[in-house]
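Engineer: Sequential numbering from 1 applies to the sequence shown in the working numbering.
Treat the hints as calculated values from the structure; they're not laboratory data. Note that CB positions come from ideal geometry on N, CA and C, so glycine has one too. Possibly wrong hints are sitting among the right ones.
Taking lysine-lysine pairs in the DSS-like style, the calculated list, with each CA pair at most 30 angstroms apart, reads [unchecked claim]:
#  : residue 1 : residue 2
1  : 277       : 136
2  : 68        : 86
3  : 100       : 143
4  : 134       : 175
5  : 277       : 130
6  : 277       : 137
7  : 2         : 134
8  : 136       : 2
9  : 68        : 100
10 : 68        : 175
11 : 276       : 134
12 : 276       : 175
Pair ranges (Cβ atoms, derived) [said to hold, decoys possible]:
#  : residue 1 : residue 2 : range
13 : 281       : 156       : 40 to 46 angstroms
14 : 141       : 216       : 15 to 21 angstroms
15 : 104       : 198       : 28 to 34 angstroms
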Amino acid sequence: MKYAYYPGCSQETTSAEYNRSAVEVCRALEIELVEIPDWNCCGASSCHAVDDRLAHALVGRNLAIAEKEGTDLAVVCPACFLRLRKTRKEFRDDAALREKLPGLIDMPYSARYEVRHLLDILANTVGFEKVAEKVKKPLAGLKVVAYYGCYLVRPPEVTGIDDPENPQIMDTLLKALGADALDWRGKVECCGGSLLLTRRDIEGRLVAGICEAAREVGAEAIVTACGLCQHNLETGQPGENPLPVFYFTELMGLAYGLDARPWLRRHLVNPASLLKKHGFN
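Put together the whole structure using the sequences plus the hints.
Structural biologist: Here's what the structure looks like:
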C-alpha cells in the first residue's frame, strides 16, 4: 500500500515526533509513505484570510507535485489536511480556478487523486481489524480521551471523514489498541490555535476547559492528531500534575512494540510515570 506523503512544516520541526511515529507505524502496517519532493508550506490557517491567489498557489503547487506520484496523498496535520482538501474541492467546483491554477504554479494539475488524513486511511482502507492484529502490547487499562479539535472534522463538507460534533474515528482506533477511550464533552472544542501567540489569556481559558472536561471522566491522558493542539494542551494546562498529551501514532507505536523513546522524550509533559504504571518502561 503506497501513498504520496505531505508532512507539512510543523511535522518537520516542533511536531517531529508526530511525523516520525506516523512513518514508523505505517511501516509496521506495510504502508509506504513517499514524501513528496520540494514541498512548501500550505499557508495553514492564515494565508487564505489575506490573499486567495497566494493561498491557492501554495496549496496547488503541493497538490500538483503529489499528483506526479500517481497515488492518493496522505496527510497527518489537520490544518494542512483542511487546506489541501479545500483547494482540491474548489479546483473541482470552480471552472475559473481550474483555468487559473496551472498558470499560478507553472505545472499541470487535474485533481485526479484524493487527499486523505492518516486516520481515514487506517479506518477505511487498512481497517481497524488489521490495526488491532498488529498489537503486541495492548494499552489495557489506559484511560484516554480522543481530542479532535477544529480542523480534522470541520467543515464536514470539506473534510468529510467523521461526524463534526461527535466524531468516533480516533476513539475506535484507540479501542483497537486496547485503550479505554472515554466519552467526554471536550472532543471538538477549540484549543485556541494561534491565539497562543497573541491572546494567551483566551487560549489559557480554552485549554483549561478542555483539560477539566478530560479530568471529569477520569482520563489519564489526552490523545490528539494535531501538532498545534498538542503543544497548546501541554503548555497551557493550569496547576500541577498536567495530563500527558499523546499523538495517536505514538500510542500505536507503543502498542506495536516500537521504540517510542525518541518521540516521547520530546514531550513537555513527561508521560514516563503514566506509561510505567501501565507496564511500558
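Engineer: Would you mind marking each hint as holding or not holding in the structure?
Structural biologist: To see whether the hints hold, each was checked on the structure:
Taking the CA atoms of residue 277 and residue 136, the gap is about 18 angstroms. The hint holds against a cut of 30 angstroms. Distance restraint check for residue 68 and residue 86: the Cα-Cα separation of roughly 20 angstroms lies within the 30 angstroms cut-off, and the hinted pair is therefore satisfied. For the suggested pair residue 100 and residue 143, the alpha carbons sit about 50 angstroms apart, so the restraint of at most 30 angstroms is broken. A C-alpha spacing of about 13 angstroms is found between residue 134 and residue 175, which places the hinted pair at or below 30 angstroms, so the restraint holds.
Annotation: proposed proximity of residue 277 to residue 130 holds, straight-line Cα distance about 27 angstroms (limit 30 angstroms). Only pairs whose Cα atoms come within 30 angstroms are accepted, and residue 277 paired with residue 137 is accepted, the gap being roughly 14 angstroms. Among the hinted pairs, residue 2 with residue 134 is consistent with the structure: their alpha-carbon atoms are about 18 angstroms apart, no more than 30 angstroms. Simply put, residue 136 and residue 2 have alpha-carbon atoms about 24 angstroms apart, close enough for the 30 angstroms limit, and the pair holds.
Of the supplied pair hints, the one linking residue 68 and residue 100 holds, its CA atoms being roughly 19 angstroms apart against a limit of 30 angstroms. Using a Cα cut-off of 30 angstroms, the hinted pair residue 68 and residue 175 is violated, with the two alpha carbons roughly 36 angstroms apart. Between residue 276 and residue 134 the alpha-carbon distance is near 22 angstroms, which keeps this suggested pair within the 30 angstroms criterion. Pair hint residue 276 plus residue 175 holds up; C-alpha atoms about 20 angstroms apart against a cutoff of 30 angstroms.
One distance hint, 40 to 46 angstroms for the beta-carbon pair residue 281 and residue 156, holds here, with the actual separation near 41 angstroms. Range check, residue 141 to residue 216: about 19 angstroms between beta-carbon atoms, so the 15 to 21 angstroms window is met. Remark: the range hint 28 to 34 angstroms for residue 104 to residue 198 is upheld by a beta-carbon distance near 30 angstroms.
Checked against the numbered hints given earlier, this structure breaks hints 3 and 10; the rest are met.
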